[in-house]
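Asker: Guided by the hints, dock chains V, R and X onto chain U, whose structure is given.
4 protein chains.
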Amino acid sequence: MSKVSETSVRVRYGETDQMGFVYYGNYALYLELARTELIRQSAWSYKQLEAEGIQLPVVNVNMKYKKPAVYDDVLHIRTKIIGEINRKICFYSEIFNAQNELLLKGEVELVFMDKHLKKVINCPDIIKEKMKPFQWS
Amino acid sequence: MSKVSETSVRVRYGETDQMGFVYYGNYALYLELARTELIRQSAWSYKQLEAEGIQLPVVNVNMKYKKPAVYDDVLHIRTKIIGEINRKICFYSEIFNAQNELLLKGEVELVFMDKHLKKVINCPDIIKEKMKPFQWS
Amino acid sequence: MSKVSETSVRVRYGETDQMGFVYYGNYALYLELARTELIRQSAWSYKQLEAEGIQLPVVNVNMKYKKPAVYDDVLHIRTKIIGEINRKICFYSEIFNAQNELLLKGEVELVFMDKHLKKVINCPDIIKEKMKPFQWS
Amino acid sequence: MSKVSETSVRVRYGETDQMGFVYYGNYALYLELARTELIRQSAWSYKQLEAEGIQLPVVNVNMKYKKPAVYDDVLHIRTKIIGEINRKICFYSEIFNAQNELLLKGEVELVFMDKHLKKVINCPDIIKEKMKPFQWS
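Protein chains in written order, with my numbering: chain U, 1 to 137; chain V, 1 to 137; chain R, 1 to 137; chain X, 1 to 137.
Okay, chain U solo, but in the shape it has when bound:
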C-alpha cells in the first residue's frame, strides 16, 4: 500500500499579488517544499543528496489552478511519486486550503544529474529503494 507525504505551509504576504491571491509562480515554492518533505520522510534529505554530488534540476512542470490561495491561509499539501524512477522522477501534489477545497494540482518532473560532470545519471538504487513507499504506479 503506497503512502502519501503530507505537509503544510502558511501563505506569506509577499507571496500574494495585487489580485489578492498567491502569485501563480509562487506555487513552485510550495511544491518544492512538499517534495523536500517527501524526500526527508523517505530517510534522507535533498541537502544530503547534493552533498553526495547529485542534483535534481526540474525538466517539466504542470500546474492546474482550481481556486486561489489567499494571505495567511494554512495550505495542506499531499504529495506522491508517480511512474518509474530512473533518470527522471515525477512528483504529483495536490494543495488544499483549510476548508479542504482543492486549490492546485501540480506535477514536477526532475532529472538526476551528476553535480560535477553535469550529466544525467540513473537514480542510485539505494535512493530508489527508500522512495518506493511513496511511489504510485
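Worth double-checking, as some hints may not be accurate.
One copy or two, either will do: identical chains are not told apart, so a pair holds if it fits within one copy or between any two.
Said to hold, decoys possible - No farther apart than 35 Å at their CA atoms in a straight line, the calculated lysine-lysine pairs in the DSBU-like style are these:
#, residue 1, residue 2
1, K118, K105
2, K47, K66
3, K130, K66
4, K115, K88
5, K47, K132
6, K119, K132
7, K115, K132
8, K130, K88
9, K67, K119
10, K132, K3
11, K105, K80
12, K130, K119
13, K67, K115
Since the hints were derived computationally from the structure, they do not count as laboratory data.
Answerer: Chains V, R and X alone, transformed into the frame defined by chain U:
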C-alpha cells in the same frame, strides 16, 4: 500572416538558486513580462484592462526546461497566442539565451474574470480584435 | 516583564542564490512572518486588521547580515516591539540558525494607514493594549 | 566631477502584493540590478568578478520607503558609491517613478570576499580605480 511578440530580460542574481541556474519558479516572472509586452504591443495594456474591471488569473501552466539560464544572461522571449480567445486565452512562449539556444517552452492559460463580480466572462470583442494579429490557429 | 515572540522557518531552495546562501532580499519574507506571528500571539491577526480597514505599509528597513543562512536550515527568529506605538510601530528581530549563531539583526518600521482613505492614522488603543506585552522601551 | 549611474526597470505583477504596491522586500532586486549596472558601466561586470574568485555578500541594508511603486511603473534608479572602497563598498540609490517622485532611498553595503577561501579581502586596486568615477566622498 500572424505575428510573434519579442522581448528580452536580463537574469538577476536573486533569481538564481544555489545550483547556479535560474530557479524553476522564477521563469513564471519572465513569461508574465513576455505576455504583458504582447498585450502592450496589441494596443492596450494589462494595467488598463484591470482598470476597466477585467482580471486574468492563470488557470494552467506548463513549462518544459531544456537548458538552464544563468546569472546576467540576456534572455530573448518570443510569444504568441495559440487557439481561440473566448473565456480563456493561451500564451505560448519560447525563451532563448544570447547563443540562441532554446532554454524553455512555456504555455500559460488565463481566464477572463469580472474583477468585481469575480465570475468568468467572455473576452470583450474589442480586445479579441486587437489581439488577433498575434493569434496562431 | 516584556515578552519576545519566537517563531521558526526552514530555508527553501528557491530562497538561496548562486552564492549558496539565502539571497539578501529574502530575509524580508522571514521578518514579515516573524512580525505576523508576534501580532497573532497578541490576540488578533494582521489579516483581521486589514479586514477592519487598517494597512501597515513598511516605511523603513534596516538589516545587518552577520552570517549567511543556507538551504534547509531551520532558522529561529526572536521578535519584539521597540519604542512607542503611535502612527508608527517598529519591530526588532534577530535570526539564529540551529547552532544558535546570530545571522541577522533586522528592524522594520511600519505606519498605520487607513486602507480606504490611504492616510496615516494613530494605532487604535485596543491594538496598542494588546501589543503592550511585546513592547520594550 | 563624480558620476551617477542610471538605469530603469518596469514593475512586474509578481512583484506587487495584495496592498497593490511593490512588496517591500522586492526593492532589494531593484537595488541589485542598479548596482550591477553601475559596475558594468565601470568597465567590468559582477559576473566577471565572481569568475575571478571574488564575491560580494551584502552586510548591511537600509531602505527608506517614501512612496509606493505600483504595477507596470517604469522606475528610474540613480546609483553612486559613497565613502571609501576597501574591504567594504557602499552603494547609495534613489528610485523615482515616471512622475519623478522619489519612492525609495537605499543604501547597500557589501564586503569583498575571496570566493574559495571564504575570507574577507581588500578590494583589488584595479577595481577601485575603475569604480572611482562613481565614488562620492
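Asker: Determine for every hint whether it applies to the structure shown.
Answerer: Right, here's what the structure says about each hint:
Proximity of K118 to K105 under the C-alpha cut-off of 35 Å is found in both arrangements, the shortest distances being 30 Å within a copy and 22 Å between copies. Within a single copy, K47 and K66 get their C-alpha atoms as close as 32 Å, and across copies as close as 23 Å, so both meet the 35 Å cut-off. For a Cα distance limit of 35 Å, the shortest separation of K130 from K66 qualifies both inside one copy, at 32 Å, and across copies, at 28 Å. Proximity of K115 and K88 under a CA criterion of 35 Å is satisfied in both settings, with 15 Å inside one chain copy and 33 Å between copies.
In this assembly of identical chains, K47 and K132 lie within 35 Å of each other by CA distance solely inside one copy; the values are 19 Å within and 41 Å between copies. Taking identical chains as interchangeable, the C-alpha atoms of K119 and K132 lie at most 35 Å apart only when both belong to the same chain, with a minimum of 24 Å there against 43 Å between chains. Taking the shortest Cα distances, K115 and K132 sit within 35 Å of each other inside one copy (24 Å), while across copies they are farther apart (39 Å). In this assembly of identical chains, K130 and K88 lie within 35 Å of each other by CA distance solely inside one copy; the values are 16 Å within and 42 Å between copies.
With identical chains, the CA atoms of K67 and K119 are at most 35 Å apart between copies only, with a shortest distance of 12 Å across copies and 38 Å within one. For the homomeric pair K132 and K3, the shortest alpha-carbon distance inside one copy (9 Å) is at most 35 Å, but the shortest distance between copies (46 Å) is not. Taking the shortest Cα distances, K105 and K80 sit within 35 Å of each other both inside one copy (12 Å) and across copies (25 Å). In this homomeric assembly, K130 and K119 come within 35 Å of each other (Cα to Cα) only inside a single copy, at 23 Å, whereas the closest approach across copies is 39 Å.
With identical chains, the CA atoms of K67 and K115 are at most 35 Å apart between copies only, with a shortest distance of 15 Å across copies and 37 Å within one.
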